[in-house]
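Student: Two chains, two frames, a set of hints: combine them into the complex.
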Amino acid sequence: MEIVDRKRVQEAIHQFANKDVYIHLETTNGAYASHYDQTFFSAGAYIRNALVRYELGKITGNGPYRVGLKIDLGWIYAEGITHFELDELGRLLLAGHDYNGKLAVALEISTTPFE
Amino acid sequence: MRKERHVLVVFPHPDDEAFGVSGTIATHVKNGTPVTYACLTLGEMGRNMGNPPFTNRENLPKIRKKELMEAAQALGIQDLRMLGFRDKTIEFEDEEKMTNTITALIVELNPSLIISFYPGYSVHPDHDATGAAVVRAVAKLPAAARPTLHCVAFSNDCVEKLGEADIIHDITQVNDIKLAAIKAHRSQTEQMFAGMEEKLKNQDPEVMARLNNERFWTYKFE
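As you go down the protein sequences, you meet chains A and B in turn. According to this note's numbering, the first sequence is numbered sequentially starting from 1. According to this note's numbering, the second sequence is numbered sequentially starting from 116.
Treat the hints with caution; some may be incorrect.
Quick list of simulated restraints, FRET-style, between CB atoms [what the hints assert, rightly or not]: (1) A:Gly90 with B:Arg117: 24 to 34 Å; (2) A:Ile47 with B:Lys118: 46 to 56 Å; (3) A:Asn62 with B:Gly191: 49 to 59 Å; (4) B:Lys180 with A:Asn29: 38 to 48 Å; (5) A:Arg66 with B:Gln306: 20 to 30 Å; (6) B:Lys212 with A:Ile71: 30 to 40 Å; (7) B:Lys335 with A:Ile71: 51 to 61 Å; (8) A:Asp72 with B:Ile282: 55 to 65 Å; (9) B:Ile282 with A:Arg8: 50 to 60 Å; (10) B:Asn174 with A:Trp75: 46 to 56 Å; (11) B:Glu211 with A:Gly90: 12 to 22 Å; (12) B:Arg120 with A:Gly68: 26 to 36 Å; (13) A:Ala50 with B:Asn174: 16 to 26 Å; (14) A:Arg8 with B:Lys212: 35 to 45 Å.
What the hints contain is simulated information worked out from the structure, not anything from laboratory work. Where a beta carbon is used, it is the ideal one built from N, C-alpha and C, also for glycine.
For reference, chain B alone in the conformation it holds in the complex (with noise of 0.2 Å):
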């Protein structure tokens, strides 16, 4: 993995930088480069809060905030910023306002990498505006000052579509600190994990690819 200067990551739920990109949030702090994790919201409107349920629709907020924070703790994240936003509403809200709140971003923190979702490519409509937002943040800087972006996508559609990915990391060295970072969003989680366990145990050839290898589609921009 190449090193960075600064690395930004842009997600609008916890738990959104658990499963695709922990192990390179991981690598990235075990390699010394600071890594500002931007959380648009607290995951408010989530389905799970467990079998029997432990929380309700009003404490899940308190829950997943906590969550967030041992996620990033685990991950070894220093700078974790909660933007405020409500689930589910990200692409409702002004464009004009998601773009320049990620560009404040990218001015104060000059990152030489960001990540974030793919654009059309990301399922939840949360995903694809906020990576809608940073590609429009982005784009408005000049082409020499961009710093690079990786793109998570994961649409059935998104490798007919895009091709395959550009990035492959193999984490594996890390898979101990993403596993935890998984771990860390309980709520949201746990059930995942009970059907997981054995697999996991077993060393399942194919749990254990989609463990270690984190795909990135790297944004051209026109």
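Looking at chain A on its own, in the form it has when it is part of the complex (with noise of 0.2 Å):
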């Protein structure tokens, strides 16, 4: 992963624009969060491998940055982006990653179905 670099991820989501394309969706505090201070509220959500088809899709801010991509009926949103990977398989990674390192949030765009 590097670090986001804005241009060369607008032309990537740009890319994938107006086809069918998969999404891999995550935000998480990890399963521990509770455990280590319990005033923590512990919250999260992941969704692999929805089919959807977005005509619009854009990576705003300054850094970590915002992605929202707008589907046929409705949204998607993600926060807290700081690196990306357009990798072997032609897929768009992208994530978050706090000041420890650890994942915070991760949104992937891919042609074909994640594993």
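Tutor: Below, the structure is given as structure tokens:
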């Protein structure tokens, strides 16, 4: 993963527009957050291999970044994005790593299903 | 430590075996007891990927699989089973399917001891669901045929609710092997080690006590 290059990420997001794409979207504070700090309210969500089509997608902010994808009947949104990678399978992997390097959010776009 | 016929270890994530029970595993291996480790997932949803991150969400399982195999090798585990479930999903799987998965292992291996998590007292939902599947599978056996079940528990309320652990293994003799197993899970433990190295070198009493004592609660069936 590399630090987000907004221009390259924007180009990649654009390339997946108006195609059937598979999405992995996740946010997490880890399963142990409330164990170590009982005042912490633990919450998270993920969806893997949602099949969608978006007409418009943007990366915004000055870092950490936000990404919004306007899909046919709604939206996909992620914030806290810090890193990106265009992997060997042509997938766009976006992730937000916190100050200790731990993954906090991920948004991934692929034309083929994730494993 | 009692000599066992066969030890079956069942945990959901690569590295679950490392912290609390790897000294016990290494001791059984040294005693010549066959040990099977059934690991349900590859920890696909782990958050640790190094700092700065050296991998990504999609490649993490491949790295953790390799780390798991290295840890098993460090411990001398001959029989490592990767069961192909997905991280964070164990509690949502069909309960009967999970029970049957464990039953099949018990029937095949005929273990005299099973080690897993104590359901309800193991913090991570995958831990609790794995322990619950093991308890269901063992409970289905006639009482006389049941292997001993040693459970790991570490929720904040575990001692309050379960009492003190009834089994404590001093694994000082093999703590170098245990450290090697923990280190094998580099993606998950490297940062933790960075903060511990000094304490290990100085034999910090609290750290050494935690490292050298592995505690279990013997599960009591009704």
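Student: Compare the structure with each hint and give your call.
Tutor: Verification of the hints:
1. A:Gly90 with B:Arg117: 24 to 34 Å: violated, 55 Å
2. A:Ile47 with B:Lys118: 46 to 56 Å: holds, 49 Å
3. A:Asn62 with B:Gly191: 49 to 59 Å: holds, 52 Å
4. B:Lys180 with A:Asn29: 38 to 48 Å: violated, 25 Å
5. A:Arg66 with B:Gln306: 20 to 30 Å: At roughly 27 Å between Cβ atoms, Gln306 of chain B and Arg66 of chain A fall inside 20 to 30 Å, so the hint holds.
6. B:Lys212 with A:Ile71: 30 to 40 Å: holds, 34 Å
7. B:Lys335 with A:Ile71: 51 to 61 Å: holds, 53 Å
8. A:Asp72 with B:Ile282: 55 to 65 Å: Taking Cβ atoms as reference, Asp72 of chain A and Ile282 of chain B lie about 58 Å apart, which means the hint holds.
9. B:Ile282 with A:Arg8: 50 to 60 Å: holds, 55 Å
10. B:Asn174 with A:Trp75: 46 to 56 Å: violated, 28 Å
11. B:Glu211 with A:Gly90: 12 to 22 Å: Between Glu211 of chain B and Gly90 of chain A, where Cβ atoms are some 40 Å apart, the hint is violated.
12. B:Arg120 with A:Gly68: 26 to 36 Å: Between Arg120 of chain B and Gly68 of chain A, where Cβ atoms are some 59 Å apart, the hint is violated.
13. A:Ala50 with B:Asn174: 16 to 26 Å: Once the Cβ atoms are compared, 21 Å apart, the range 16 to 26 Å for Asn174 of chain B and Ala50 of chain A holds.
14. A:Arg8 with B:Lys212: 35 to 45 Å: Holds - the Cβ-Cβ distance for Arg8 of chain A and Lys212 of chain B, about 44 Å, lies within 35 to 45 Å.
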